[in-house]
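Chain order of the listed sequences is V and A. Using this note's numbering, you'd call the opening residue of the first sequence number 52 and step up by one each time. Using this note's numbering, you'd call the opening residue of the second sequence number 5 and step up by one each time.
A portion of the hints provided could be inaccurate.
[Stated by the list, open to error] If you only want the chain A side, here are some residues facing chain V, beta carbon under 7 Å, derived:
1) K31
2) A32
3) L35
4) P36
5) D63
6) M183
[Stated by the list, open to error] Below, in silico cross-link-like pairs of lysine to any residue (SDA-like), each with a Cα-Cα straight-line distance of 25 Å or less:
7) V:K276 with A:T261
8) V:K161 with A:K31
9) V:K161 with V:Q278
10) V:K161 with A:T261
11) A:K31 with V:G62
12) A:K55 with V:L180
13) A:K132 with V:N113
14) A:K132 with V:K276
15) A:K60 with V:E241
16) V:K231 with A:T261
Simulated from the structure, these hints should not be mistaken for laboratory data. Backbone N, C-alpha and C define an ideal beta-carbon position, used for all residues, glycine too.
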Amino acid sequence: MASVGVGYDLGASTYSPAGRVFQVEYAGKAVDNSGTVIGIRCQDGVVLGVEKLIRNKMLVTNSYRRIFTTSMSSGLAIGGLLPDGRQLVNRARDEASSYKTNFGIAIPGKVLSQRIAMYVHAYTEYWHLRPFGVSSLLGVYDDSDLGAQLYMIEPSGECLRYFGIAVGKGSQQARVQLEKLNFDTITAKEGAIKIAEIIYQLHDEVKDKPFELELSWICDASNKKHQFVPKELLDEAIAAGKKAAEDDDSEDEDDDDDANMNDNQ
Amino acid sequence: SRNAQYDRHITIFSPEGKLYQIEYSFKAIRLPGDTTIGVRGRDTVCLITTKKVPDKLVDPSSVTRMYRITPQIGCCVTGRLPDARALIYKSRQIAAEFQFDNGYQIPVRHLANEVANYNQLFTQHAYKRVPGVSLLYCAVDDEVGPRLYMVDPAGSCYGYHAVSTGTKEQEGMSTLEKMMKEKREEQDEEEKKKSDGDDKDKKGGKTKKVNKLDLNEKETVEFAIEALQKVLGVDFKSNQVEVAVCTENNAKFRSLTMKEIDEYLTNISEKD
């Protein structure tokens with residue numbers, strides 16, 4: 052949908068003649084340029100995973116974070132511009148902490164997601180501000196009827212609850228893979244491994260820079276606390292991911308062999 | 005003619021005296037593709053709107069455009085959803101402050117007007133975008149009975165017997181006018197039949213000239229559902245729409261369950 056918003060795309064406070072707000076749509080494109088971020092709501096928790104593209108070989112391993120803890124039992128994964136994302140993380144942390152102070156209980160997922168969404172939306176209304184170039188995946192595991200919840204907050208401020216979602220470069224293909232999952236039975240451990248498989252399969256060795264996988268969860272196994280997955284599970288996930296990527300490659304090779312055989316006959 | 009220099013800033017009139025940004029915001033209401041219809045009967049107000057779940061990955065229970073402002077006042081939003089949510093929060097704030105200041109529930113007419121006035125501010129200030137949302141407020145007011153109001157981006161607020169908004173707004177309005185006319189003719193005929201059997205010259209055969217829909221709860225909801233079916237041109241299933249009502253018997257704003265919607269849909273198809 053190549054629509055040039057000439058003159059109507061200079062500020063978030065302007066509608067185009069068709070009723071679109073181009074600045075918000077462009078912010079969405081900033082998200083599409085970043086590494087893939089995937090979240091899965093499993094039976095016993097939520098798992099978040101990020102394909103962190105490493106721009107510089109001198110970077111200290113694991114010092115570049117894209118998943119942040121916003122309260123004891125909630126975590127936010129950032130897709131898009133990380134500096135913008137950090138603003139959202141700070142805001143989410145403030146909301147969670149002031150809710151706890153005022154009401155005495157941990158902020159429920161529904162409330163926290165709405166607060167973040169309203170904050171993001173506020174930046175889409177004014178001439179003097181630009182929208183956040185971030186789609187954030189919020190994982191929460193609270194004591195309400197909903198249990199484990201996964202929300203995505205888009206640059207427009209739209210916020211929906213998902214069973215599984217992906218944003219970033221490989222999001223289209225990742226969503227196709229996610230639709231095949233059975234969300235009624237998948238466990239957090241399986242979810243973590245699945246995310247790694249999808250990310251490794253979609254990562255383009257040639258075109259993209261090398262990457263690190265960041266995985267976190269809030270689940271029964273972690274006592275409903277947001278943590279990075281234990282090292283053993285991370286290693287297992289990475290191994291599964293690499294294998295899935297190789298299987299993909301070797302499938303392509305087999306297809307080539309078959310094609311050659313047919314040519315020779 | 006559309007001169008690009010005037011379109012961008014909300015405070016600037018075009019040479020023809022138009023405010024183009026407000027016109028564009030009305031287009032923004034149509035963009036998402038939803039249509040909403042509201043109908044007010046004798047003792048009931050019913051709101052119905054289309055429900056589209058974007059894809060399999062979305063949890064359908066989180067997709068809704070019906071919001072409760074107070075237990076009695078409900079609102080259906082159409083258009084840009086993030087803008088809508090901000091207005092819903094504003095409505096709730098206005099309602100809560102009124103309750104606190106005055107000690108009783110805000111009348112829905114006053115609430116709708118206050119939100120409309122809030123929208124109007126941004127049609128005169130350049131720094132903030134007008135929300136691309138139309139809101140349908142409904143309630144059964146304890147003083148005046150069922151009421152239905154629509155607030156739009158331009159800051160206008162009108163009360164309606166029946167109204168449609170969203171992508172198929174035009175078709176909706178003409179369908180509703182037609183259906184209202186038919187309904188009134190039906191009711192006038194029934195009145196005539198009753199007074200024909202009457203020898204005494206009580207009313208002198210005077211027909212009801214009042215412009216309202218004399219429908220009970222069931223009839224109001226069916227009217228709304230039929231109207232939406234006609235407008236969309238398809239028979240929809242209960243999971244493709246959201247329906248909410250307030251009635252005198254049960255003044256609380258509530259959404260109908262899928263089962264209840266199915267019952268209405270079955271009744272309507274059996275009528276045909």
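Structure-based check of all given hints:
no.	hint	result
1	K31	holds, 3 Å
2	A32	holds, 3 Å
3	L35	holds, 5 Å
4	P36	violated, 10 Å
5	D63	holds, 4 Å
6	M183	violated, 28 Å
7	V:K276 with A:T261	violated, 35 Å
8	V:K161 with A:K31	violated, 30 Å
9	V:K161 with V:Q278	holds, 20 Å
10	V:K161 with A:T261	holds, 21 Å
11	A:K31 with V:G62	holds, 18 Å
12	A:K55 with V:L180	violated, 32 Å
13	A:K132 with V:N113	violated, 41 Å
14	A:K132 with V:K276	violated, 40 Å
15	A:K60 with V:E241	holds, 20 Å
16	V:K231 with A:T261	violated, 29 Å
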